[in-house]
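Colleague: For the protein sequence lines, the chains are A and B, in the order given.
When you line the first sequence up against our numbering, it's residues 2 to 537, in that order.
When you line the second sequence up against our numbering, it's residues 82 to 245, in that order.
In case anyone wonders, no lab produced these hints; they're calculated from the structure.
Do not rely on the hints blindly, as some may be mistaken.
[Stated by the list, open to error] Only pairs whose alpha carbons sit at most 27 Å apart, straight line, appear in this in silico BS3-like list of lysine-lysine:
{"no.": "1", "chain 1": "B", "residue 1": "Lys-223", "chain 2": "A", "residue 2": "Lys-115"}
{"no.": "2", "chain 1": "A", "residue 1": "Lys-448", "chain 2": "B", "residue 2": "Lys-188"}
{"no.": "3", "chain 1": "A", "residue 1": "Lys-448", "chain 2": "B", "residue 2": "Lys-154"}
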Amino acid sequence: MPLRAPETVLRLARMGQMMPTRLSFLRVLVRRLCAERAEVRRIHWDICDQGYGQAAYAVDLGGHTYSLVAISNDLPADQRSDRVIATAWDAAFVLFDGIATPAEIARIAAQAPKQEAGRFEPRDLVLSRANKSVRMWNATVAALKAGLQPDPQMIRDIGYLMRTTAVYGNGKFGIADRYLIADRPGLDGPFAAEMLAVFMIRHFTLDLVQHVGGAPLDPSLARHLGIGNATGLGMAPFLVNHPVLLHNWIQARETALARVLDRDTITDEQHTRLQSLAKRAQKHLSDWHVPAEDHDAILRQLEADWAAFLPQIEAATSFAMLWDAAADQTDTLQELLTALLIELCPEDVDDLCHDMADRHGPLIAPFADTDAVKSAVETHWQWALDCDYHNADDCRRFWYVSAAKLEPRLGDRFAEPGAELETPLDIARRVAQLHADLPDAAQPVSKFTETHPQHTHAINRVALLTRYPYAEIRDNLIAATCRPIDMLRCKLSFFGATKFDPKSDLWTRITLAQGAPLGDELRPEMDDWWLPVMER
Amino acid sequence: MSWTEVQTLGVKAASGAGVPPAQALAFGAMLARHVADEGPQGAVQAALDNPDRIVALAHRVETIVEAASITSKPVDATEDDAGTRAMLVSWLAGLPCKSELDVAGPKVRVSLSLTEPSTRGRPERLALTPSLTEQLNTLAAKTYVPDSDASRAGGAGAGLMELD
Chain A
2 MPLRAPETVL RLARMGQMMP TRLSFLRVLV RRLCAERAEV RRIHWDICDQ
52 GYGQAAYAVD LGGHTYSLVA ISNDLPADQR SDRVIATAWD AAFVLFDGIA
102 TPAEIARIAA QAPKQEAGRF EPRDLVLSRA NKSVRMWNAT VAALKAGLQP
152 DPQMIRDIGY LMRTTAVYGN GKFGIADRYL IADRPGLDGP FAAEMLAVFM
202 IRHFTLDLVQ HVGGAPLDPS LARHLGIGNA TGLGMAPFLV NHPVLLHNWI
252 QARETALARV LDRDTITDEQ HTRLQSLAKR AQKHLSDWHV PAEDHDAILR
302 QLEADWAAFL PQIEAATSFA MLWDAAADQT DTLQELLTAL LIELCPEDVD
352 DLCHDMADRH GPLIAPFADT DAVKSAVETH WQWALDCDYH NADDCRRFWY
402 VSAAKLEPRL GDRFAEPGAE LETPLDIARR VAQLHADLPD AAQPVSKFTE
452 THPQHTHAIN RVALLTRYPY AEIRDNLIAA TCRPIDMLRC KLSFFGATKF
502 DPKSDLWTRI TLAQGAPLGD ELRPEMDDWW LPVMER
Chain B
82 MSWTEVQTLG VKAASGAGVP PAQALAFGAM LARHVADEGP QGAVQAALDN
132 PDRIVALAHR VETIVEAASI TSKPVDATED DAGTRAMLVS WLAGLPCKSE
182 LDVAGPKVRV SLSLTEPSTR GRPERLALTP SLTEQLNTLA AKTYVPDSDA
232 SRAGGAGAGL MELD
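Isolated chain B (complex conformation):
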């Protein structure tokens, strides 16, 4: 899959799981980075099963960014759960700004340059596991409004047949 496909699917899936818009957008960026960096995809699946964890992780990143904005020193975080830690690292690495990350055991040390763009490379393709793909698609489908004659006729514009 392309990066954009994975990121967009991640946003939709998080939304479908009930995550608020900002956190869903950030989750999509995290997901693409996580897959690119070969992070454990099982951790993502577990998070999608418990969307409060996604909101909590998003908030944790917010506090780190907030701290980084008022100090030039690295910001430290500790996370004992390996899967959550891997997602935290991917979340920070997926920010649009430049970041340097140092992970040692449960400790994550991060330096952010908020006004400089990220320099991380992105691959040509990303590979999701079949089970994560299925979970993402199932959740994404929850954001779509079922089709109806009324919405088809009135909600989208062009007539159904065009001969001109």
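Isolated chain A (complex conformation):
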């Protein structure tokens, strides 16, 4: 079965419908923790009755021990913001390499609340912060103090006690560069250290609320309290600026799908599991409501379409037949089906997680001459050539970095200042400009770039696709119609996010680790939480 074409997969409209799979990074991490029967253990606790102070947890993974140091603060309500430009948070965290000693905890406690203004050391692997969902937090504390459990419906609706607003790794603010830990078992996948931090932060939030509430949570409820995240524009440029990673992620996912579709038959066991997961997905969709009317309409349509598609799933005698039956369905349903099929066949899929990192950057050979560049553009970039960049709506957006805490933002070049400082995410326009300037007669590329150095960026992007076909989003990212939320959804699906809750085209809230085993439940049989549902 050939892989789906990049021109199919890497359209924003489809990327904006992607679902988490068993190749998602948090799933991969938790699967490894389960395989190792790891246990999150509390190693430090200096927290007052109101829940403020310091705590630390340790976990063993792949022969190494890692600690999460958590600092919980009394945050005035008027300072609680999900924005990058915030300067204070309910809690701050560092994932530390090794067992955090009291001296290390004290050092981290002095730096972590400063976040971007702090300085960190090579044994600090991840820096993060989180704000409470005040509604979920207060309701949970009140219920526990009253000898009750929190309302399951509220847990379904919100899904977390705190949400992170940044999870920094790979060298930011002095923390360890990724290459220092990239060979470690369990941390070798993309964003693995960040996912470990997130999983342990979730553990801390559960520990903390039980401490303040003075009573234990029912594990079945606790399991469905994940960790939230608010994500804005910073994630979108990442996909453009890390083309090899994007290629590796998409290729792994598409290879997984193709391997499953290559199976001749569905075994009885797989058929039973297929029905079970399809019905779970239906329940998950019915639990998934968002305030944004346009996004909720997509969900309700998917819920109806999926219900109508269930008989085809029941009747399927091969995965290929099922896939063919979805050919005229929406992108949204096809992406859900993709994730379902990948979930069904771990033996075909799980090894692919080892190919999703990028250890060295792009390895590309130069073009033979400018005719080769022209040919590559006309073969792979026709979608970019088809845009009219003189039309205002085809170039209305500009991406930029604000001087305010370096927050990434998106502007209207015809209405706002700063377009001359735009971040070069206008790849399609650059390739079109390159194509227009290429000479009629072939010449060495270096001769061309000597007089047109501004085109080297586009030439490099064109060259990338010859080796990494999934490295480029096939849409004009400066068009008025570009929705960054689609890029966020794609990336977050690879993280393993669920319950996408878009707040605008620019940012979204999501839930991670909802349904995941708790810190003392990490056993192989617990790795069954794709699109989790809390039974009524």
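Guided by the hints, dock chain B onto chain A, whose structure is given.
Modeller: Frame of chain A; chain B shown alone:
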């Protein structure tokens, strides 16, 4: 500083100096390698003062890579200026592909294996001189768009206060 911090700062600084995106990206990779290999940081400062030199150096590396792609033999380059030569070496050593470099006086002999990853190690920390750090930060700041009420309210997403 971490490698990533130095590399990212280098990219921003080169952009702030007016260097085109591809060359700025490559400059950032060169800078981290250069600092790791204890190359002369004054040469970097001089280049940032004259960004055309950065573009020219980037182009020179392009021609070397192009030559390496059509021959299995080493490619030779000559550079009389010691600082520029040191940056050229760092630029080549900072490529993602495997490289072998032999420097003798003004001559640089380079063998590139374009499809094999670099095997060069990277240290835990990099140390920039204060004057280069200041210059890099000053140039990087030129890439940031000044904050405004309008951009703060409309350009980035989340509301300013969140109670839910």
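Colleague: Checking each numbered hint in turn, tell me which of them this model violates, lowest number first.
Modeller: none
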